[in-house]
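Asks: So the mapping is simple: my numbering equals the position in the first sequence, first residue as 1, plus 44.
To be clear, the hints were calculated from the coordinates, so they are not data collected in a lab. Ideal Cβ positions, reconstructed from N, Cα and C, are used throughout, including at glycine. Mixed in with the good hints there might be a few duds.
[Unchecked claim] Computed spacing ranges between beta-carbons, pair by pair:
| hint | residue 1 | residue 2 | range |
| --- | --- | --- | --- |
| 1 | G142 | E60 | 14 to 24 Å |
| 2 | G142 | R194 | 30 to 40 Å |
| 3 | E225 | V143 | 28 to 38 Å |
| 4 | R84 | P207 | 23 to 33 Å |
| 5 | R224 | D187 | 24 to 34 Å |
| 6 | A208 | P98 | 32 to 42 Å |
| 7 | D172 | P140 | 18 to 28 Å |
| 8 | E170 | H131 | 32 to 42 Å |
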Amino acid sequence: MTAPLPPAHFAGNPVEIARNLLGGTLVRQVPDHENRVGIRLTGTIVEVEAYDCPRDPACTAGRFHAARSADMAIPPGTWLFWTAHGHPLLQVACRPEGVSASVLIRAIQPLEGLGQMLTFRPVTRERDLTNGPAKLVYALGLDPARISGRPVNAPELHLLPPPAPLPDEMVEVTARVGIREGRTLPWRFTVRGNPWVSPAAPSMDLALSPAE
DNA sequence: ACTTCGATGCTCT
DNA sequence: GAGCATCGAAGTA
């Protein structure tokens, strides 16, 4: 039984942390007051992205970063939500407090509690349940107001590391999705060939050499 | 108070 | 693959 990743695990480079999160497990415990037994919703992490201010143009560019400058006070290993187009996106703050950087969880493959997830987020095609950053937030029934600011190892929502780091040949490295600046940075990591990876196309071709 | 923007998702062709 | 609804936050006034 592996222990949840502690907040200290996220006090580093979000690019490395994101890469090593692939194959891990996102665990959501839903309190069930009737049975006094928590319902467990879990999924394997199959897609993540890294954001790393201030060297990251996607993060620093224009008002994009300034808009969330308040996030810079958040200590590493804290759950937080980005809002884009009215949808909440789940991420974990990284690096030391005072530096804005994060890992964005973009897709999971459901493991436990698929039926419960479908009640939170009814879909016709099962594969559409959690194959997007906001989709998984809805499918897990996460309330941003309740989760945001909580430590990443909180009982109600935490992460388990992969049994072993995924070998490089299983990891596909591409450009991040849906951004204007920083399109060439190879900071999106997906499990190669996994059908639960989001359908969104990466924003552009990669830089010749990965940035650190 | 009003305007603009976006790390998205959904519903059509 | 294109169009649009969505909503929280910043900037402007």
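Asks: Using the Cβ atoms, figure out if R224 sits within 24 to 34 Å of D187.
Replies: 30 Å, holds
Asks: Taking 23 to 33 Å as the hint, is the beta-carbon distance of R84 and P207 inside that range?
Replies: 18 Å, violated
Asks: If you check the beta carbons of G142 and E60, does the distance land in 14 to 24 Å?
Replies: 20 Å, holds
Asks: Taking 30 to 40 Å as the stated bounds, is the beta-carbon spacing between G142 and R194 within them?
Replies: 20 Å, violated
Asks: Would you say the C-beta atoms of A208 and P98 sit inside 32 to 42 Å of each other?
Replies: 33 Å, holds
Asks: Cβ-Cβ distance between D172 and P140: within 18 to 28 Å?
Replies: 38 Å, violated
Asks: Given the range 28 to 38 Å, decide if the beta-carbon distance of E225 to V143 lies inside it.
Replies: The hinted range 28 to 38 Å is violated for E225 and V143, with Cβ atoms some 19 Å apart.
Asks: Could you say whether the range 32 to 42 Å given as a hint is met by the Cβ separation of E170 and H131?
Replies: With a Cβ separation near 20 Å, E170 and H131 fall outside 32 to 42 Å, so the hint is violated.
Going through the hint list in order, the structure does not satisfy hints 2, 3, 4, 7 and 8.
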